[in-house]
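Engineer: Line order of the protein sequences matches chains A, P and Y. Position 198 of the first sequence, counted from 1, bears residue number 198 in full-length UniProt numbering, the numbering being contiguous throughout. Position 163 of the second sequence, counted from 1, bears residue number 163 in full-length UniProt numbering, the numbering being contiguous throughout. Position 209 of the third sequence, counted from 1, bears residue number 209 in full-length UniProt numbering, the numbering being contiguous throughout.
Keep in mind the hints are simulated off the structure, nothing from the lab. All clues stand as given, with none of them false.
Restraint-style ranges between C-beta atoms, simulated for each label pair:
#, chain 1, residue 1, chain 2, residue 2, range
1, P, 271, Y, 120, 56 to 62 Å
2, A, 15, P, 28, 36 to 42 Å
3, A, 220, Y, 70, 43 to 49 Å
4, P, 101, Y, 74, 54 to 60 Å
5, P, 124, Y, 31, 51 to 57 Å
The calculated lysine-lysine pairs, modelled on DSS-like cross-linking and capped at a C-alpha distance of 25 Å, are:
#, chain 1, residue 1, chain 2, residue 2
6, P, 90, Y, 222
7, Y, 215, P, 90
8, P, 329, P, 315
9, A, 163, A, 259
10, P, 167, P, 315
11, P, 178, P, 167
12, A, 228, A, 112
13, Y, 215, A, 5
In this text, a Cβ means the ideal position worked out from N, Cα and C, and glycines have one as well.
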Amino acid sequence: MSTEKQSLRRTLDRLFVPLTVGPTMLWIAAVIVYPTLKLFWSSVFWTNPINGQREFVGLRNFQRLIFAEEGGAFLGLAPDFVSITWHTIVYVGLSVSISFALGLGIALLLDKDLKGRGWFRTAVIVPWILPYVMSGLMWRWMFQSEYGAINGLLTQSGLLSSKIAFFSDGTLAMMALIIADIWVFTPFIIIILLAGLQNVPEQLYDAAEVDGAGRISRFVNVTYPFLKPSILVALTIRIIFDIRALDLVWVMTQGGPGKSTEVWASWLYRTAQVFNRPGEGAALGVVLLAVTFMIVAVLYNVFGDSPY
Amino acid sequence: MAHVELNELVKEFDDVTAVDGISLDIPDESFTVLVGPSGCGKTTTLRLIAGLERATDGEIRIGDEVVNDQRAYERDIAMVFQNYALYPHKTVRENMRFGLEQHDTAEDIIQDRVAEAAELLQIEELLERRPAELSGGQQQRVALGRAIVRDPAVFLMDEPLSNLDAKLRVQMRAELNKLHDELSTTTVYVTHDQVEAMTLADQIAVMDNGQIQQVGAPTHVYSNPQNMFVAGFLGSPSMNFLEGTLGRDSDGKLQLDLGTDTHDVPAEFADELEGYIGERVVLGIRPENISLNQDGIAANVHPATVQVVEPQGEKTVLELDLDTDQTIKAAVDPDTTVEMDDSVNLRFDRDSLQYFDPQTGESLTYETASEQKVTA
Amino acid sequence: MSTNQSTLGQLIAALGLDTDNEWPHVVRERLVAYGLLGLYVFVIWFPIYFIFITSIKPSGAVLDIPISFLPTQPTVSNYVEIFQNRPFELYTLNSLIVASTTTLICVTLGTVTGYSFSRYDFVGNKALLLSIVGARMIPPIALIVPFFTIMSNPPLIGGLTGSLYDTRIALILTYTFFNLPFAVWIMKNYFDGVPESLDEQARIDGCSRWEGFVKIILPMAKPGIAATAILAFIFSWNEFVFALVLTSSEQAQTLPIAVSLFVADDFVDWAHLAAGGMIAALPGILFGLFFQQYIVSGLTQGAVKE
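Only chain A is shown next, with the shape it has when bound in the complex (with noise of 0.2 Å):
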C-alpha cells in the first residue's frame, strides 16, 4: 500500500469521531440549543402588539399569567392560572391513570400464550400511530351532538330519549377529551409494558405456580419487580406528552365550552399565537418546561434509579 494512501487511510480514521458527532451536535445546537435559550430570552420582553416595539420588562410576564394583581395590588393566584392548571391535572390525571390501567391489563393478556396474538398486537397498536388532529376530529364527530354514533348508539337502541350535547357542557367535554386520549395513548403504554413483560425469566412463573402463588401473588413477587422499569418509562413519558399535547384539545373543543376544557397546551398557543402575545407565551413555554424537568425529576426519585 502506498503511504500517501495509507496517511489518507489514518487521517481519515483519526477524524472518525469529530466528523460523525460534529454535524449532529452542530444541527442540534442550531435547532435546540438556539431556540431554547430564544424561549428563555423572549420570556422578559413585551411585544407591543401594535407597533411591535420589543421592552424588557424581566418576570412581568410570570407575574401577569400567574398573580393576579390590580394597581400593584397583590390580590393572590390568577384565577385563570388556577382553572387551567386544574384542567390540566384532570386531564393528564385520569387520561394518564385510566390508560395505565388499561394498558397494564391488555399487555397482560397479550403476553399469554395465545394464537393470534400477533394479530392482536397489531390491532391494538394501530390508533397510536394515526395523526392526533385526525384521531381528534373522529372523535369529535362520534361525540356529535346530533350525528355522532355515541348519540345514535344511545338513542338508537333506545337507551337514551334524548341526544346529549356532549361539547356544550364543560364536564361532559371534558371526558369526551379523555376518552379520545386514552384511545390514542394506551396503545403506547401497551407497547412499553410488553417489552418489559418479556424481561421476566418465564422460569420464575412456573416457579412461582409450583411454589402455589396464586394471580395476584405472582404479579406483585414475580411480575412487578421486572417490569417497574417499563412502569416508570411509560408513566414518565406518558405524563409530559400528555401536559405538551395540544393537538387534541385544539381540535375537539379548542378549550371550549367557555374556558372548561383550556389546559396549558391550549393556553400557551392562544396566548402567543391567537393573542399574539409572544413574551407571556415564551413566559408559558418556560414554565412548561421547568414543569417536565420537575416532573421526570421527582418520579425517578420515587420509583428509583434508572434514568430516562
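We have chain A already, so just place chains P and Y on it with the hints.
Structural biologist: Frame of chain A; chains P and Y shown alone:
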C-alpha cells in the same frame, strides 16, 4: 510466516496497568499459549499484538518489523475471536472472502484459498449458508477458515474454544493441533484453561497481574514451576502447599518442621536450602505425587485422616487432614479402598518435591529440580 | 356433520382450548383472554370504522337520522371532491416532502452519530449523550414562540433566504428538533447490541474505521435504521402544532392542517373531513399493519433501554 517479539510491553487503561512490562519471544512456527486467570492481561497482550489496542510503552515486532505504529488493518495477522465474530449478514463464503478482498487479492487466488481452507476444515457444504444457520462447532470452523485463507504471518486466537461444549472442545483441540502441524503458522493463543494450554502449546507463557510469570515448554513449566503462582495455577487439583520452619534433624540433615509432624528434605536440595535454616519454607507437592503407604515402611510418611473421597473415574481424589491440621489433596489409584475418617499414612514422591519462599513465592529449588529432570 | 365436528375440534385444539390436553383453569383463562381482547379490539376499531363509512357515504347521507352504521350507498365521491375542490394533492405532496426529508436527515445523522456514541469513548461523550436525552424532554409546544420568531427572520441565512415562514424548509428544520435526538438515541442503543468484536474483525480483515462502518456495520444495522426511519416518518407526517404555527397556505401546509380546515366556526363538513382524515391516516395504518415489529422495536429501543 514470522516470529513475534515483545519487548518491555506496557499497556495502561486510565488507572489500571493491564500489561506491565512483558518481554516474550514467540519463535517462528511456534504455537505459543498465553494462559492465566481472568484479568491477568493475556487478552490485552493479544490485542496489542493484533493492533486493536495501542501500546503505552515497549516494542512489538512481527518478523523483523516494529509494528507499534501500524493499525490492525495494516498488520499481517488474522484473529479468531471468542464469539467467532462472523458477519451475520454474509454467507460463509463471503465471510471467508472478505479479508482477502480488503487486501486486494486477485480473484483466482481468493477462490483457490477459500476452496482449500473449506476442504481442510470440511466445511465445503456450508459455504452458501449464513452464520445463524450453523452450529457452534461449525461457526468455530468458519472462523478458523477465515483466518486460514488470509495466510497471515501470525494467527491470534482469543479463547476460541470456550463457547463450545466439553466434548466438542476436546475434538476441536485435537483439530487445532493437527491444523498447526499442517500449516505451521506462528500462533499466539489465549486461554484461561490450563488443560487447553498444556495440550496445545509448544511454548506456554503463564501470566498474572500483567506480567509473565514463567515461559517454557508445557511439561517443563508444569514440573518445574518458578514460583508458587505457576505451581498452583497449572494442574488440577492444584499443588498442595505445606508451610513449616526449616531446621536440622539429629543427624544434621535438613528437616522441615510442620508442627506436630516433620518432613525430611532430600539431600540433593541441601546446598540450595542451606541458607534458609531457621526460616519459614513452603513445601509443594502435587496430588498425583502423593500415595498411600501400604507396605509398612515407616520413614518419611505423614499420618492423615480421610475427609472426602471423590472418585473421578480415572483417578480418585482424596481430601485429607494432616495431623498438623493442614489440609491436603491426593490423587490416588481408583482401586484404592478408603473411606471417610480412615487413618492413613501418606508418602510423598521424593523426586517431585518443590520448595518455595513463602514471602516472595519464588522457588528455592528450581535450579536443582530442573537439572535433575533433565538428567533423569 | 362429523367433518364439521372435527374442524371445530381442530380449531379448539389450535386455540389451546382443548380440555383433554390442557388444564381446565388454563383453558378458562385463555377463553377470558380471547373474549376481553376481542372486545377491546372491537371497541377501539369502531371509531375508525365509523369515520371510514362516513367517508364513503354520499355527503348528504352523513346527516341522515337515524344514523346508518352500514355503508348502504358506498361512493368515492368525497375522496374525488376533496382533490377537486381543495388542493389536496399539494397538501399530500407537502406532507410527503416534509416527512421524507426530515426522516432522511435524522436517519443519516442519527446513524453515524449513534454509532460513534456506542463505540467511542471520546471526550464529552457522556455529557453530549445526556444533553441529547435532555433534549428529548423539552416540550415542543414550549418552543412555538422562538421557532416562530426564528423562522420569520432566520439568523445567519436570513440574508439569503428571507423569511422561512410558510415554507416546507421551516417545517423540516423544526421537525428535526424532536426527531434527531430520538434517532441518535435509538441508533446508539441498536449499535450497543451489535458485538464490538465485529468491528474488530473488520479491522483485522483490513478495514479502516470508515470501511468497517460502511461495509460491515451499516448492512447489519438495517432493522434499526428501518425502525428509526418509520418512527421519524410517522412523527413528522402526523405533526400538527408547528404546522399550525409556521404555515398559512397550501405551499407548505400539510395533511393534518388540511383536515383541520374542514372545521369552520359553525359548520363541519364531516363527509369530506372523513375522506381527508382517511388519507392522512393511510401511511399510519399501512405502517402499523405491515411494519409493526419495527415500530415496536424502535419504541422500546428508544424508551426502555438506558
